[in-house]
Structure formats: C-alpha cells, structure tokens
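Colleague: Using the sequences and the accompanying hints, generate a full structural model.
Listed in order, the protein sequences are those of chains U and A.
The numbers in this note's numbering rise by one with no breaks, and the one at position 145 of the first sequence is 145.
Each number in this note's numbering corresponds to the 1-based position in the second sequence with 1000 added.
Keep in mind that the hints were calculated from the coordinates and are not lab data.
Where hints are given, some of them may not hold.
Claimed, not checked - Have a look at the derived ranges for each label pair, beta carbon to beta carbon:
#: 1; chain 1: A; residue 1: Ala1185; chain 2: U; residue 2: Thr113; range: 54 to 60 angstroms
#: 2; chain 1: U; residue 1: Thr113; chain 2: A; residue 2: Lys1049; range: 58 to 64 angstroms
#: 3; chain 1: A; residue 1: Lys1728; chain 2: U; residue 2: Lys115; range: 41 to 47 angstroms
Each residue gets a CB set at the ideal place from its N, CA and C atoms; glycine is no exception.
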Amino acid sequence: MSIELEINGVKRQVAAEADTPLLWVLRDELHMTGTKYGCGVAQCGACTVHLDGQPVRSCQTPVGSVGAGKITTIEGLGGTHPLQASWVKHDVPQCGYCQSGQIMSAAALLAATPKPTDADIDAAMSGNLCRCGAYQRIRAAIKDASGELAVTAKA
Amino acid sequence: MYIAPEKTRTPSGGQGASRRELIVGAALVGGSLLVGCSPADIMGAGAPKTDFGAFGPFIKIDADGAVTVMNKHQEMGQGNHAGLSAIVAEEMDADWSTVKVQHAAANAKVYANSLMGVQGTGGSTAIANSWMQLRTAGATARAMFVQAAADAWKVPAAEVTVKDGVVSHASGKSAQFGDLLADAAKVTPPKSVKLKDPKDFTLIGTERVRRKDSLAKATGQARYTQDVYLPDMLTAVVAHAPRFGGKVKSFDDTAARKVPGVVDVFAIATGVAVVANGVYAARKGREALKVEWDDAKAESRSSAEMLADYHRIARGELTPSDDKWAPFTTKGDATGQFDGTDVLHATYDFPYLAHATMEPMNCVAQVDGSKCKLTYGAQGHSLDQMAAAMVVVNLPGAIEIETLFAGGSFGRRSSWDSDYVVEAVQIAKHVGRFRPVKLVWTREDDMTAGHYRPMAHHAVAVKVGKDGYPAAWRHRVVVQSFAKASPMMASMMVKNNVDSTTVEGTAGSPYLAATPVVDAQVFTPHSPVTTLWWRSVGATHTAPVMEHTIDQLAARAKIDPVEYRRELYRRAGEAGARHLAVLNLAVEKAGWGTLEDGWTRGVAVHESFGSVVANVCEAKVIDGEPRVRKVTVAVDCGIAIAPNQIAAQMEGGTCYGLSAALFGQVTLDKGRPQQTNFDTYRVLRQNEAPQVETWIVPSAHPPSGVGEPGTPVIMASLPNALFAATGKPVSSFPLVKA
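Modeller: Structure (structure tokens):
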C-alpha cells in the first residue's frame, strides 16, 4: 500500500505494508541510512527518531501507525545541532554505530529539559546502548551542548 | 615449558604473535603448493596491478595539496584512523587540520600487517606494526617535496624547511604541497630517509591528535555495511541451526516463497537462505520457512553441564579423550607442595560471552563465476579473501574488498572461519550475475551464532611461605581452544599442545616469575560451540584469576594488596618493572585506603599485547548489585601517539570489561543459547557507567596497543573491591546472576 510520511519537513510517498517497522521503511525504501538497526526489539536505541518531537524506537513503530505525525531523523538535524558540534568537540564516537540514536535521544532531552541533571541524563539516555562504552563522553557532550543551547536561546 | 613472549617487549605482545602465527598458518596451508613464497605473496596472488602514485600506497595528495592517508587496517572504533594518519602527518610535517584518511583496498602484497605477514587487524597491533612503515612513508614524501623546492629555488635541500604543509626557505620563498606537487611527484624517492627524533615531534603525543570521523559519525553520514544500497541489490537472511553443529535435514519453503518480496529460498552450508527485496520481507520469509534440523553431531549439553565437566576435569575425575593436560609453565618440584594447611585454594568460573557489537554481522557480496567483490567492515582481509576464494575458486588476491567502517568488532569481525563472509559469498554465488546481495544477520542471529569468548574454569592452589608470599603455585585451566578447532590453526598456533590464547596472562605473569615452584597446566575440551578471540582474549579470564588470587593471598598474609604487589614485582625483577610503575601511578592518582559510606577500592594490574595497565576502582553493592562509580587507569603503551584516543580506549575498554564482569553470559539449554537479544543479554548502560580517568606513563619505547589492554583490568579490580568490603572471594562470573 502507498503511505504518505512527513520526514524532516518533506512529504514522502512510500510503498509498504502497514505493519512494516518505520526503521525498515526509512532504510530499505528511502535509503536514509543514518537511523540504525541494532536489535529490532526496542532494547538498544540505535533506531531512535522523533515522532512529533518525542523520541521513539523506529524498529517498534509500524509505519501504518505514524499517520500525519512529523518524523525527524538524524539527517533532519542538519549537522548544525549544538549536540553534533559537542559530539565532535568531545570526540564522542568510537565505532559510531549507536551515535545517531544517542544524539536523537539527547536532542529530545534537551528540547524538553534544556539544563539536564545527571539524573535527567540517566533517565533519558539509558535506553541507548553503546558497546564501545563512550558513555562518559556522551554525558559530557550533552552537558556542554546544554550550555550552548542556553546561549542560542538567549540570542 | 611455554614462556609467553610478553616479557621480551616485542611490539606485538603475546597475542599479536599468536594471531601472526595463525594467519601465517592460514597462508601456508592455503598456498601449500607455492613453496618459497611469502604469506603476503600467497594472499596477494591474483591482486590487480595497481599504480599507487608517486608517494606510494599509503599517501595520496590532491591537487590542492591535501594529504590522504590510506589505512590498511579496520577503523572499528579504536581510533586508528587518527593515530595512523598522525604518524604520517608528523614525519611529513603536513597540515594536520586538512589531513584525511580512508580505508585502503585489500592487498596483502602492499598492505600486510607486518606483525602478521598478511593483511588484518587484531591483537592491538595497528599502531605498533605501522609505526616505522608510516613514519618512513611520511618522511619519504617530505623529502620529495623538499627536493622539489630545492631544485625550483636553486637552494640546498638542507636549507629547506617544512611546517604544516608549507615548504619554506630562509630567502623568503615558500610554497604549499599543492604548488610543488607536480615536481615532487617526479623526484626519485630517496632510498633511506632520516626520521625525526621523538623529542622533536610536534603532533604526536599532543591533544591535537583527534578523531577524523567524529563529524561523519555524529551526523549519520559514516558508511557501514548495513548502509550499503546498490542498484538491483537483494537482501538475504539465513535460517541457522538452533544448536551448534546442527545441519539442515530438510525444509519446506512453500509458505516462505508466497511472502511478498521474497525472491528465492535455497540451502547453503550453514542453513537455509531467504533472499528478498529488503530486510522485512526476508525476515517474514524466514518466519514462514519450515526447517527440520539434524542434531546428530550437535552440542546437546547445557552450559551448566559443560561447566560441571570442566570442574571434574580440573579435579582429575574426568579426562575426555579429545585432549590431554599440557604444562605451560613449570618450575621446581611441585610434588606434595599443596597438601598442607598453608595453602590457599581458589576456583573461578567464566561463562561464554557474546561480542554483541552494535552492528550485527553482515556483508555485501557480488559474484559472477570466479569474480567476487565484497563490501563490508573487513577486519581480517586476507583470511576473508582466502575463504571467499575457496567458494568461488579463484586466487585470494583477486577477491576485491571495499572496506567500510565496522559498527564495533571486539574481535568478532575477524573470525578464523570467516563465517558470515562465507555465507554472503555462497548466497551471492547462487544468485550470480554479480548481483549485489546484502547478508543481514538479525541481533538474534548474531547473538546465537557462537564465536563466543570461551567458557573457562581455573583451579588455583598456592602454598604460602612464612613471609606470606607464594612459595609454590599450582594452576589448572580448563577452557575451549579455538585454535584447536581448526587443524590449520592448530598446526601453527598450538605448541606442545598449548594454545597460547588459553593461558596468556597466567603464562608470563610476574607473580609466577616471583614464585620459586610453579606447576601450571591447561586442558582444552572440545565442543561444537564455536569460540573466538574477544577483546583482550585470554586476559579476560587470566587477569581476574591472577589478580583476585593475589588479593586473597594478601588478605591471608594481612598485607595491603598494593604493598603485596609491589613486593612481588620487586621479586619478579625485570618482569615486574613496568607493572610496578603503572601500579604506583594509578595508586598515586586514585588515592588508596578507606572510603566513606561503604564504597571500597580495588586495584589490579595486567599486561596484554605489550601494554601494561593498572586501575583502581571504587565500588559498592547498591540494591543487591555492584556499582562502580570511578576508575582511575594508568597505562604504559610506549610512545603515546594520540593521548585523547588512548583515554577513549581506556574508558571504552573499562566499560566493555565491566559490562562482562557484571552481566555478561551466554548460557546453553540442551545446546541452545538462552540469550538472544539485549533483553536477555544484559550490557552496561549509561546509568551504570563509571567515570574513567586515564593517566599515561611517559615512555620512549615504540608504541604498543591500547584497544584491548584496558578491558581485563576492571574484571579484576572490581572483584577485589567487593572482596575488600565483604571478605568473601568471588569465584564465578558474571557478578550479577540473572
């Protein structure tokens, strides 16, 4: 069946069964490869995207359930999000495979909580696995970016 | 008697040597008809003739003067893109900010790992084996630019200087690499070049050496195997036998073929392949498939039964006919030494561990007749080329490999049997016509496919002298050997029936060097369950065994565990010198002694892959589970090229080891793995990760690796911290029981 999706502000038509996970529509139909497959059961967070601003695991989001919801993927951050600059500044990635999901979870956190505490970071980020163990740099980069976000908001 | 090579301080370290031997073995067997050829010649046989340009196979220079370094290794997170390109930039005096790096093609003739003989990444050797090679390449390119400038400006070459990609002369003349490129490319490369004195390094060892791939990885633009989409590409999944050693008896694909998007279903050596348009259709096709399995030769025991067998073997109550006890360190007469009351007995159990890389195994293959191209996160290039060549019947060097980033490996992507690569090639061969096929393993495929860190059991008895220190040490290790799983590997990696990867870290331990009488032996029972190197390999069990035993001995002698180690390192002499230095640095930076609120400190020190690491961790049991809040690491890895990335590897290695120590285990029920995904194979999460602080021992020695050596130390310091709190020794892993 043909389904219309709004992804990163652009309307896209895709041919997919309604029960197909959004992850595989993004990847196999649209070849938007920034969103990663890690577990398929919402345990690792590598596939995190935003649906109407909320972080969701796209591997457990049937494409037929999205409707008119606005989808934002890592590509939608445009490379200019303060978190992305902070990720580079702190050399957060190692293998890098989980980082799209980490950044999407962190972006949702900062949007809701501009100055997150350690407990806020634990709560928002513990669904995103990093087998390379870049956790302390992820935490530092979020805190650093939260300062930058505050400055941007003032300007 | 086996003496581990670590103490000779070869850049390869113990495991590097093992892997080198393994791959040389592979090459020799594969090329047994080509007597007289080097392994690189054999693995490179059939490689296309390539013009690498004026500056050789490691350096490309664009018209604008931008330098690109070709990385012959796999960048799987360990940061060698940064470290290797920094070595070139340093000797070339290139502008580091514009230096680029990319993965090189597979070609053993030019890109062999000089510590392995053929192309491959492992044993924490990437920096160590490239050190002189890339310094020479960079210095040679620099000399060519200097000569070109000297000729153009008619000044002596000795008066020409280079800094940040700008070539200058005191007369005021200056030029960019790009300006001189055409002339420099015509200069005959000098036969020998003078390398910098390390004290003159301006880039190496500084905070400026940072990753080159962080932006690509922070924007979703870095390309992994999973991200390959080629025209007309198919996606394949495979129904694998539920038990190790199982085979397809029969299958019914009627329903599978009716699934929309499914293109073909066929048997391959390891199961039944379902080929489809996209992952979702392929998976649905596999779900609809009915397969009957032949388990006649499959593992049918539970892991608990296997471990019980290991205990009986260690006690001498069971001796399976497929192996015999092999001594690996023997000193003095151990007869009757361990019967008295002055003996400490300790046993340890270690489960199977999955690597659980974030990107499950996958590979894109294209085959047309004997022509074959692979696009994936290659780590064992030459071994994979040989394995693929055997499927398509070609020379190994003719197998083209385009290397992409790997979403983690920890050893998994370089498997001795090239398992997932061979699957992809078999499927692409069946599909034919060079049509691209992406083999996708689901998380469940990946986690149940074995190649685990082997299950292990250690039984230790130490006779304590009147001074409280070891007088005699008996050590029994029961562990599967992956080297012995293949006759080819066994022929090269196993000496006197000892697979060095099963005992490294006990063999070569400074504690055994400090003990007058030693009787250490290993037994390697067979199972169809496949095992493999797993970040830091043998040290994953030998480090916790040696270090936790030392803490128990220190407690028995009522001596502080730091002081106890210092004394043993002194007794060990040269074998303990670097251990003593990292121990002292870690303790100095971490502090030592009693903490508040029930937190306790634990210390451990271990050498692997030529590097020595100590750490002090702070731990406490909270809500029934051990937590670690801080880890202070000291590392001696020779000359530190990229301090920021050394720290990253100590942070990551510590988390990887901590995850395994706390939670990691694959258990079998009637031969079937019980953990299939992250809901049952628990791994460390953000809220459980400690703060890791890294201190580097200044060194003038050639660099050794950092990818693995940080991992095993936390697996030892954490049990020691818990022992300090409770007085109860740890005897089995993981610490958190499911």
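Colleague: It remains to establish, for every hint, whether it holds in the given structure.
Modeller: Hints and how they fare:
1. At roughly 56 angstroms, the beta carbons of A:Ala1185 and U:Thr113 sit within the given window of 54 to 60 angstroms.
2. The hinted window of 58 to 64 angstroms between U:Thr113 and A:Lys1049 holds, with their beta carbons roughly 59 angstroms apart.
3. About 43 angstroms separates the C-beta atoms of A:Lys1728 and U:Lys115, a value consistent with the hinted range of 41 to 47 angstroms.
Figure legend: structure checked against the earlier numbered hints; every hint is met.
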